[in-house]
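K.L.:
So the chains spell out like this:
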Amino acid sequence: MIRLEHISFRYRSAQDPVLRDVSCHIRRGELVGLLGRSGSGRSTLASTLNGTIPHLVRGDLTGRVLIDGQDIRTQRPRDLADRIGFVFQDFEAQLFSTNVSLEVAFGPENLGVHPTEIARRVNSCLGVVRLSHLSHKAPAALSGGQKQRLALASVLALEPTVLILDEPTSDLDPAGRRELLEAIRSIRRTRDLTLVMIDPETDEMGWVDRLIVLDQGRVAMDGTPAALWDRADEMDALGVKGFTLAKLARCLGVSERWVDADAAANAIRTAGWGGAPGVAARLRLADAAHAGGEVLLEVDGVAHRYPDGTEALRDVHCAIRRGEFVAILGQNGSGKTTLVKHLNGILTPSAGEIRLRGKSLRGQPATALSRRVGLVFQNPDHQIFAERIWDEVAFGPRLQGLAEVAVAARVEEALEAVGLAGMGDLDPFILTKGTRQRIAVASTLATKPEVIILDEPTTGLDHAELQGMMALIRRLNEAGHTILIITHAMDIAAAYARRVVLMQGGRILRDGPTREVFADEAGIGQTGLTPPPIVQVGNRLGVPALTLDELVSCLSRTAEPPNRRTPGPPP
Amino acid sequence: MNLFLYLDRQSPVHRLDPRTKLGLLLASFLSAVLFVTPVPLVSLLGVLLAYGAVGRALGNLRRIWFLLLSIAAISVVSWSLFAGGTTPLFWRVTTESVTYGVGAALKIDAMIISGLVFLSTTRSEEMVLGLIRMRVPFPMAFAFSLAIRMVPTIIGTAVTVTEAQRSRGLDTESGGPLARLRTYVPLLVPIFLHTLRNTDQLAKALESRGFGARRERTSLLTIGFHGRDAVALVAGLVVLGLFAATRILSGP
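Chains A and B supply the protein sequences, listed in that same order. Those letters in the first sequence? Residues 0 to 570, per numbering that gives the first Met the number 0, in order. Those letters in the second sequence? Residues 0 to 251, per numbering that gives the first Met the number 0, in order.
Just so you know, the hints here were simulated from the structure itself, not pulled from any lab data. We put the CB at the ideal spot given by N, CA and C, even for glycine. Take the hints with a grain of salt, since some may be wrong.
Said to hold, decoys possible - So these bits of chain B aren't anywhere near chain A, every CB distance computed over 10 Å:
#: 1; residue: R14
#: 2; residue: F89
#: 3; residue: L248
Stated by the list, open to error - Which stretches of chain A does chain B cover? Using the computed rule of at least three CB atoms under 8 Å from a CB of chain B, they are:
#: 4; stretch: 69-78
#: 5; stretch: 88-94
#: 6; stretch: 114-128
#: 7; stretch: 196-208
#: 8; stretch: 317-328
#: 9; stretch: 339-352
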């Protein structure tokens with residue numbers, strides 16, 4: 000179907016090639032997961048599969064890409080559109096039509112498909128991605144998850160036999176991700192479909208036929224998920240997240256492959272492992288040490304209505320204490336970002352009040368508040384403007400009117416904290432997304448706020464960058480900053496946050512210690528979220544562990560015979 | 000938040016052929032530029048508001064009232080001061096200059112409202128179809144509609160960038176002209192780069208969805224002239240004729 004023969008590619012503006020001598024053969028009907036750290040060449044490789052490279056991107060391509068035996072150089076992406084569908088990572092930029100139906104119709108219209116057939120395809124594709132009820136809505140009015148599904152539908156309407164998806168679930172909450180993957184599986188049940196998908200969430204890729212891990216432009220690993228199952232360490236070393244359950248299995252000396260948390264819990268129990276007595280109480284006791292100091296921020300009965308009438312927040316109450324590490328979780332559109340924009344005065348509540356150290360924010364300008372509550376926006380590119388990292392980070396302190404000596408001290412300190420010391424002269428725009436994210440954090444840090452809020456700080460980062468970013472945020476918390484993060488990554492919330500605020504439909508549904516909230520799977524499930532695999536396994540074994548290390552340290556060989564019933568979670 | 004102007008409603012104006020609506024838009028512009036005095040322009044504004052009401056588009060006025068009001072205020076104030084005239088009112092202001100300022104304000108606002116009614120009742124895809132029927136090549140018609148579609152997208156980016164920079168302490172609201180100019184750099188650079196990157200992505204996405212693959216393109220939407228289009232065009236011509244006659248009869 001698709002054959003790559005010794006592919007190398009160098010972007011015209013770059014020194015070194017991104018792809019180096021890649022050869023592989025993707026067979027008809029195969030489901031391929033493409034993994035690799037950022038800069039490994041994943042997206043570049045995907046772009047060669049429909050001719051975006053070399054036809055729309057400048058650079059040097061050597062070797063051959065053959066689609067059904069035909070060289071890609073002789074076919075433009077538009078000529079392949081009815082065979083190879085490509086859903087790009089940046090879904091916002093792909094949508095331009097007046098309504099959802101017309102967005103889906105655009106592709107088949109270009110191919111000259113008869114209008115009756117277009118109407119049929121629009122109906123069926125919207126059905127597959129479950130957007131039929133929104134067919135007359137404007138794409139811009141959809142939530143992030145709905146937009147990603149629409150981008151998929153608009154490509155499916157071309158009825159391609161090969162589908163290439165570049166991080167199709169990057170902005171999706173767990174429920175949205177499940178829906179998207181379910182949509183793809185449902186197409187496969189009705190017709191022949193070859194799939195190449197880039198997705199950093201290895202744990203969600205167990206269902207594909209084959210995983211290819213790229214490293215520095217070369218194929219580093221290539222095999223079935225089963226074959227790569229117990230090579231988690233190697234994957235970690237390549238900047239790709241290895242299977243979490245495989246790591247657990249190895250820690251317990253079990254060599255089985257577990258498909259999900261239920262299977263894992265059963266196998267662990269069968270092998271004679273169980274929660275050591277009193278572990279739950281011990282874990283909770285340790286948590287209590289991080290309860291936080293005095294109340295810093297108080298959200299009191301806050302509601303927010305946007306000018307178009309959307310009620311984004313309704314009667315929200317919560318208090319943030321000094322030194323806390325809070326994760327705000329919830330589906331796309333549940334009001335998380337709207338809430339945090341109130342905390343630094345960017346938005347003003349329609350009703351209710353926000354207080355910082357007892358003083359109402361009403362009437363205080365956002366510019367003054369920025370020194371006390373720092374907000375790092377989701378996309379660093381919405382704020383980076385300077386040509387040197389140093390100037391970018393110095394922007395906030397300079398606005399505070401500090402003397403240049405003091406500014407310099409602040410910048411050095413902030414760059415040191417994010418691991419960019421000595422790199423102040425570099426141009427932010429040539430650096431990776433992960434580095435730009437660090438620059439954004441540094442520029443907030445340099446204003447020395449008491450509270451730092453980060454909106455999706457790990458979106459678009461690879462596994463290694465993500466670990467680095469979270470370690471940085473934890474260090475800031477340990478150094479005394481109060482931290483709030485918004486995230487869709489449940490494993491991050493579990494591993495780092497001490498407290499979880501669960502939002503749904505503009506209200507706070509649950510607010511409590513991370514351990515408590517994640518132990519209640521039914522409760523968290525109401526919002527379409529699921530705890531990460533490790534927490535699920537722990538819950539089934541009666542151990543409220545939040546990380547792999549915690550779980551392993553809490554399990555011990557029980558004296559009981561195998562297959563005994565484990566005690567339920569303590570009250 | 001939806002920044003696009005199109006209102007998905009049923010109305011007689013929505014059902015008109017896009018070419019008819021383009022014709023009416025043109026007629027309204029011609030009528031507007033005929034006059035400098037307020038009285039006929041007020042009647043033109045009345046006609047356009049009635050047209051907008053039939054098209055159920057006036058709700059969108061709420062979204063641009065500030066723009067309409069600021070343009071009117073700037074126009075009245077600046078023309079009053081600088082247009083000159085013979086009947087002094089006070090200081091440099093004359094009856095003629097005030098009248099001229101009010102006329103200019105009405106003229107610009109009438110044109111904006113006419114454009115608003117068009118965009119509120121016409122999908123960009125219909126506009127593309129209309130242009131194609133008028134023998135504009137598809138890539139050009141599509142680029143034109145895309146340019147109009149880009150405006151709200153860029154406004155959306157601008158809102159986010161402004162929020163992000165205000166969160167870093169940038170004061171976008173006060174200060175003198177020079178200070179203000181300096182605050183624009185941190186806003187304009189990210190907006191520009193973001194838009195550029197989006198455009199590049201869009202070009203790739205369009206191509207992969209078959210844009211330009213075939214000479215003949217089909218369309219899910221259909222347009223065509225009906226009796227109502229003839230009625231609307233005749234009405235538009237009559238109104239334009241009346242205004243033109245008024246202009247000619249009232250002398251230079």
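K.L.:
Could you run down the list of hints and mark each one as holding or not?
P.N.:
Outcome of the hint check:
1. For R14/B, the shortest C-beta to C-beta distance to chain A comes to about 16 Å, beyond the 10 Å cut-off, and the non-interface label holds.
2. Residue placement check: F89/B keeps its beta carbon more than 10 Å from all beta carbons of chain A (closest about 38 Å).
3. Its beta-carbon lying about 43 Å from the closest one in chain A, L248/B satisfies the requirement of being farther than 10 Å from that chain.
4. With 4 residues carrying a beta carbon less than 8 Å from a beta carbon of chain B, the stretch 69-78 of chain A meets the three-residue requirement, and the given coverage holds.
5. Look at the stretch 88-94 of chain A against chain B: 4 of its residues bring a Cβ nearer than 8 Å to a Cβ of that chain, three or more, so the hint holds.
6. For a cut-off of 8 Å, the count of residues in the stretch 114-128 of chain A with a CB near a CB of chain B stands at 4, and the three-residue condition holds.
7. Remark: the stretch 196-208 of chain A is not confirmed as covered by chain B, as 0 of its residues place a Cβ nearer than 8 Å to a Cβ of that chain, below the required three.
8. Only residues whose C-beta sits within less than 8 Å of a C-beta in chain B count toward coverage, and the stretch 317-328 of chain A has 0 of them, not enough to reach three; the restraint is violated.
9. Counting residues of the stretch 339-352 of chain A whose CB falls under 8 Å from any CB of chain B gives 3; the rule of at least 3 is met.
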